[in-house]
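Each chain is listed here by its residues.
Number of protein chains: 6
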Amino acid sequence: MARALYPGSFDPVTNGHLDIIRRAAALFGHLRVAVFANPDKTGLLAPAERVALLREVLADDRRVTVDLGEGLVVRYAEREGFDVLVRGLRLPSDYEFEYPLALMNRHVSATGIETVFLPTRAEWSFVSSSLVRDLARHGASLAGLVPPAVERALREKWGGTPRRGAD
Amino acid sequence: MARALYPGSFDPVTNGHLDIIRRAAALFGHLRVAVFANPDKTGLLAPAERVALLREVLADDRRVTVDLGEGLVVRYAEREGFDVLVRGLRLPSDYEFEYPLALMNRHVSATGIETVFLPTRAEWSFVSSSLVRDLARHGASLAGLVPPAVERALREKWGGTPRRGAD
Amino acid sequence: MARALYPGSFDPVTNGHLDIIRRAAALFGHLRVAVFANPDKTGLLAPAERVALLREVLADDRRVTVDLGEGLVVRYAEREGFDVLVRGLRLPSDYEFEYPLALMNRHVSATGIETVFLPTRAEWSFVSSSLVRDLARHGASLAGLVPPAVERALREKWGGTPRRGAD
Amino acid sequence: MARALYPGSFDPVTNGHLDIIRRAAALFGHLRVAVFANPDKTGLLAPAERVALLREVLADDRRVTVDLGEGLVVRYAEREGFDVLVRGLRLPSDYEFEYPLALMNRHVSATGIETVFLPTRAEWSFVSSSLVRDLARHGASLAGLVPPAVERALREKWGGTPRRGAD
Amino acid sequence: MARALYPGSFDPVTNGHLDIIRRAAALFGHLRVAVFANPDKTGLLAPAERVALLREVLADDRRVTVDLGEGLVVRYAEREGFDVLVRGLRLPSDYEFEYPLALMNRHVSATGIETVFLPTRAEWSFVSSSLVRDLARHGASLAGLVPPAVERALREKWGGTPRRGAD
Amino acid sequence: MARALYPGSFDPVTNGHLDIIRRAAALFGHLRVAVFANPDKTGLLAPAERVALLREVLADDRRVTVDLGEGLVVRYAEREGFDVLVRGLRLPSDYEFEYPLALMNRHVSATGIETVFLPTRAEWSFVSSSLVRDLARHGASLAGLVPPAVERALREKWGGTPRRGAD
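Chains as they are written, first to last, in the working numbering: chain F, -13 to 153; chain R, -13 to 153; chain Y, -13 to 153; chain P, -13 to 153; chain X, -13 to 153; chain E, -13 to 153.
So here's chain F without its partners, still in its complex pose (with noise of 0.2 angstroms):
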């Protein structure tokens, strides 16, 4: 059976995220998340803060495993034995950007990696790691978009206050 890999930057994880990841997780029997820092960016979170938090919030699911990705994917997926790919879908722009590079990863794989994308849940469609930590470096409530762990993770480091409407 096909073995799962989602990758990632989770800068931080959403509940849209952790959608994908469980659903990716029923669908394949297993999941492998693995987050791979874009060098380029200076990100809210360090990369080794991001694989914590998503060990945290995804401790009671024994299908999924979280790993500190490096290099590009495609060859992290080849030298760890992944068959697939994992990508959530939300508006057309994500699929825009994202066809070229699942085929450029087909092309570049030496064992024809694949890509399957699953289509973001309606009530997630707007939640972005990008307007999270928007959010969040104004302090603004992070309730409903990112799991309570991530939420006190972020508070602590740039304040605000935890309820909704009254930060």
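None of these hints come from the bench; they were simulated from the model. Careful: at least some of the hints might be erroneous.
To be verified - Distance condition first, Cα-Cα at most 20 angstroms in a straight line; then the derived EDC-like pairs of lysine to aspartate or glutamate:
| hint | chain 1 | residue 1 | chain 2 | residue 2 |
| --- | --- | --- | --- | --- |
| 1 | Y | K27 | Y | D120 |
| 2 | X | K143 | E | D26 |
| 3 | R | K27 | P | D26 |
| 4 | Y | K143 | R | D26 |
| 5 | R | K143 | R | D120 |
| 6 | X | K143 | X | E42 |
| 7 | Y | K27 | P | D26 |
| 8 | E | K27 | F | D26 |
| 9 | F | K143 | F | E42 |
| 10 | R | K27 | R | E56 |
| 11 | X | K27 | F | D26 |
| 12 | P | K27 | R | D120 |
| 13 | P | K143 | P | E42 |
| 14 | Y | K143 | Y | E35 |
| 15 | E | K27 | X | D120 |
| 16 | F | K143 | X | D26 |
| 17 | Y | K27 | Y | E56 |
| 18 | Y | K27 | R | D26 |
| 19 | F | K27 | E | D26 |
| 20 | P | K143 | Y | D26 |
| 21 | P | K143 | P | D120 |
| 22 | R | K27 | R | D120 |
| 23 | F | K27 | X | D26 |
| 24 | E | K27 | X | D26 |
| 25 | R | K27 | Y | D26 |
| 26 | Y | K143 | Y | D120 |
| 27 | P | K27 | Y | D26 |
| 28 | R | K143 | R | E42 |
| 29 | R | K143 | P | D26 |
| 30 | Y | K143 | Y | E42 |
| 31 | F | K27 | E | D120 |
| 32 | R | K143 | R | E35 |
| 33 | R | K27 | Y | D120 |
| 34 | E | K27 | E | E56 |
| 35 | Y | K27 | P | D120 |
| 36 | X | K27 | E | D26 |
| 37 | E | K143 | F | D26 |
| 38 | P | K27 | R | D26 |
| 39 | F | K27 | F | D120 |
| 40 | X | K27 | F | D120 |
Starting from the known structure of chain F, arrange chains R, Y, P, X and E on it as the hints suggest.
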């Protein structure tokens, strides 16, 4: 493990469909292909002909079964015990059409049926059944667009010559 | 203050339409909803039935009036003294359809009629009258997609059972 | 030098089409405009009427010839010795429709026919034959959207008054 | 009646922005324009200069007030008592960017703030602050793209000649 | 006859660019390729290196000349006597970026410069300089994506092995 269904109108099946079928069968270990005809449209081929052609071109692949669907896709999937629908994506307009459908199928499903999308290979990204039908009606060659059995069947119906560029 | 008109085919009115109606009525203090049927298409419901259902589900909202439109939307708007058309937007393909229409309506209008777009709430972003019609024709439950009065009316017409996931 | 063909349905020709025609004629030194009618649709104007109107409005431009096309565009182009198809683009949805068609035309062509796209000027970006047909059927003014000869021809057919905003 | 806020970076204000401002002011009877600068980017003009230019070009319009915003747009709007955000839309990619933002603003707002979109007039559909900045940096004429006061201010800063096509 | 210019950053030139170059040269009988570097970005290759590589891979094509551009593309085109800009299009997002630019170039040009778009062949539709740069930085094989001379040049700079799937 997830049981996968690839619903479509397949009027006719193209090389792009075949590519999605073989890749999805490899991912899930098995694939059911089901022909759902739009009752409001007169197709090029009768639904039973489409099923027969799919069975002919997929005869060598034991992971794949072909069926004639009926009614709502999501009800067929529930009744037959499928967990996930497979759809191929070419340009973003495909995704604009498929995204609401995937969310709606999940909404009306008692079992929370999933949809996964596979990106079409670059070389088939411009091939659609509707463009193929248009060529077939004008007797043009379909070489490289559909399996030979499909080209033969359409030529018997519509005439035209087999050689590309010479029709 | 601007007088606002929400034109549409409403075949049938969905929960997504209702959300746009109530939000537009709050923004402008008043809203006229007008049913314009496409003369080239046979709808699911007759235009007068659509008006009756809209009136029933909006009976409690004194800011909203419902009418049967006729002819060009822009002429109806001028004749009845409206300054602005309201339209809901879901995916970008909605906007691709609506943008030229808005510019054309302004061009042919003697009074320079405006169009304002409201973004559909995430939870209704996948709901369209055409997907609802497809479910209704197959007797599927419409719970959560349309107001109860609309579901009752369609069930009387098309049969099917009221419980979601059990039809 | 490349010989250029501008195929279309031109039902009716609009100011947007005319702009593309004059710019393409300047680029290539010559342009053939060919009317291809969709046999599955009843148009507003008969194909021969469309050709006659194109000839009338383009009578002053010696670089342009007008013809009634037939069959597949790509076969017509090969038979008549054209190397390149010209198409105008407005919104991205135009390109989503045209891109697969351009690749398909090249694929089925014995001579590797090219397609070049010209971007529509901003002022005509919302003008389409289908919106013009809709206005014409309701007797609205078409001033600024089509050449005067086309407006006259449609008014004789459908009635309506010539003044914008007063019809 | 709804109180409307038009937030943006306005670096610099263009004729497209001005058109949206005047139309939104007419729709709502009043409009607040607020400059929010992206703290991560060095702009062409300092935020205070953008405010000064907006005030200069809008001095004749008593319905419009201009302010320097700060922090999250949604918090500014709540604090100042606005009910609705106004945004202009050009191509669909604008909407892809704005749609998640509108849903997010509503989500984090204690008062359920709305966003309404106005379609940009065709003649300004290609004008953006970023393309204007690029022209300004090369000393090209900005005639027809920005108000004369803005062109003067940028020319003092960047040089270049005022005549189009002759710079 | 129209004189054609293909401006771009070409960091590095890909097989997709080469295909556009040869097809545009055939259409117009001649093509100037000009490298315009974005002064705000540090590229992978210096502008002079990009010119040298273009000259090397195009040495056999007497219809094509290569130059280092400078300043605004439209000013360079006017100064050098070009009538038309050539750009390749892959996915619709390319067109969303290029359409306003084409209209702006025409607006600021004293001579009304045109832009024509050529659709990228399906097999190169996923190839972009930015994805190639990402592969090069990780030492991955670029076989099938760029001309051999470009692959050699990048390998000398970044290391990595030449065999696909084995790097």
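We went through each hint and held it up to the structure:
The straight-line distance between the Cα atoms of Y:K27 and Y:D120 is roughly 15 angstroms, inside the 20 angstroms bound, and the hint therefore holds. For the suggested pair X:K143 and E:D26, the alpha carbons sit about 19 angstroms apart, so the restraint of at most 20 angstroms is met. Proposed proximity of R:K27 and P:D26 is supported: the alpha carbons are some 12 angstroms apart, at most 20 angstroms. Restraint check for Y:K143 and R:D26: the C-alpha separation of about 19 angstroms stays at or below 20 angstroms, so the hint holds.
For the hint linking R:K143 to R:D120, the alpha-carbon distance of about 13 angstroms falls within 20 angstroms, and the restraint holds. Only pairs whose Cα atoms come within 20 angstroms are accepted, and X:K143 paired with X:E42 is accepted, the gap being roughly 17 angstroms. In summary, the hint linking Y:K27 to P:D26 is supported, as the alpha carbons are separated by about 16 angstroms, within the 20 angstroms threshold. Between the alpha carbons of E:K27 and F:D26 the distance comes to roughly 12 angstroms, so the proposed pair stays at or under 20 angstroms and holds.
Taken as a hint, the F:K143 and F:E42 pair is honoured in the structure, with Cα atoms around 17 angstroms apart against an allowance of 20 angstroms. Distance check on the hinted pair: R:K27 and R:E56 sit about 15 angstroms apart at the alpha-carbon level, within 20 angstroms; holds. For the hint linking X:K27 to F:D26, the alpha-carbon distance of about 16 angstroms falls within 20 angstroms, and the restraint holds. Taking the CA atoms of P:K27 and R:D120, the gap is near 14 angstroms; set against the 20 angstroms cutoff, the hint holds.
At most 20 angstroms may separate the alpha-carbon atoms for a hinted pair to count; P:K143 and P:E42 meet this at roughly 17 angstroms. For the proposed pair Y:K143 and Y:E35, the alpha carbon gap of about 12 angstroms is at most 20 angstroms, so the pair holds. Only pairs whose Cα atoms come within 20 angstroms are accepted, and E:K27 paired with X:D120 is accepted, the gap being roughly 14 angstroms. Distance hint between F:K143 and X:D26 is fulfilled; the C-alpha atoms sit about 19 angstroms from each other, no more than 20 angstroms.
Between Y:K27 and Y:E56, the direct Cα distance comes to roughly 15 angstroms. Compliance with the 20 angstroms bound is thereby established for this hinted pair. Straight-line distance between C-alpha atoms of Y:K27 and R:D26 comes to about 12 angstroms, which keeps the hinted pair within the 20 angstroms bound. Proximity of F:K27 to E:D26 is assessed by CA-CA distance (about 16 angstroms); at most 20 angstroms being required, the pair is judged to hold. For the hint linking P:K143 to Y:D26, the alpha-carbon distance of about 19 angstroms falls within 20 angstroms, and the restraint holds.
About 13 angstroms separates the Cα atoms of P:K143 and P:D120, which keeps this hinted pair within 20 angstroms; it holds. Using a Cα cut-off of 20 angstroms, the hinted pair R:K27 and R:D120 holds, with the two alpha carbons roughly 15 angstroms apart. Among the hinted pairs, F:K27 with X:D26 is consistent with the structure: their alpha-carbon atoms are about 12 angstroms apart, no more than 20 angstroms. With a C-alpha separation of about 16 angstroms, the suggested pairing of E:K27 with X:D26 holds against the 20 angstroms cut-off.
A hinted pair counts as satisfied when its Cα atoms are at most 20 angstroms apart, and R:K27 with Y:D26 qualifies at roughly 16 angstroms. A C-alpha spacing of about 13 angstroms is found between Y:K143 and Y:D120, which places the hinted pair at or below 20 angstroms, so the restraint holds. Of the supplied pair hints, the one linking P:K27 and Y:D26 holds, its CA atoms being roughly 12 angstroms apart against a limit of 20 angstroms. For the hint linking R:K143 to R:E42, the alpha-carbon distance of about 17 angstroms falls within 20 angstroms, and the restraint holds.
This hinted pair checks out: R:K143 and P:D26 have alpha carbons roughly 19 angstroms apart, not beyond 20 angstroms. Taken as a hint, the Y:K143 and Y:E42 pair is honoured in the structure, with Cα atoms around 17 angstroms apart against an allowance of 20 angstroms. A threshold of 20 angstroms between alpha carbons decides the hint, and for F:K27 with E:D120 the separation of about 14 angstroms falls inside it, so the pair holds. For the hint linking R:K143 to R:E35, the alpha-carbon distance of about 12 angstroms falls within 20 angstroms, and the restraint holds.
Under the criterion of a C-alpha separation no larger than 20 angstroms, the hint pairing R:K27 with Y:D120 is consistent with the structure, at around 14 angstroms. Taking the CA atoms of E:K27 and E:E56, the gap is about 15 angstroms. The hint holds against a cut of 20 angstroms. Taken as a hint, the Y:K27 and P:D120 pair is honoured in the structure, with Cα atoms around 14 angstroms apart against an allowance of 20 angstroms. For the given pair, X:K27 sits about 12 angstroms from E:D26 by alpha-carbon distance, which is consistent with the 20 angstroms threshold.
Simply put, E:K143 and F:D26 have alpha-carbon atoms about 19 angstroms apart, close enough for the 20 angstroms limit, and the pair holds. This hinted pair checks out: P:K27 and R:D26 have alpha carbons roughly 16 angstroms apart, not beyond 20 angstroms. Proposed proximity of F:K27 and F:D120 is supported: the alpha carbons are some 15 angstroms apart, at most 20 angstroms. Proposed proximity of X:K27 and F:D120 is supported: the alpha carbons are some 14 angstroms apart, at most 20 angstroms.
When held up to the earlier numbered hints, the structure conflicts with none and fits them all.
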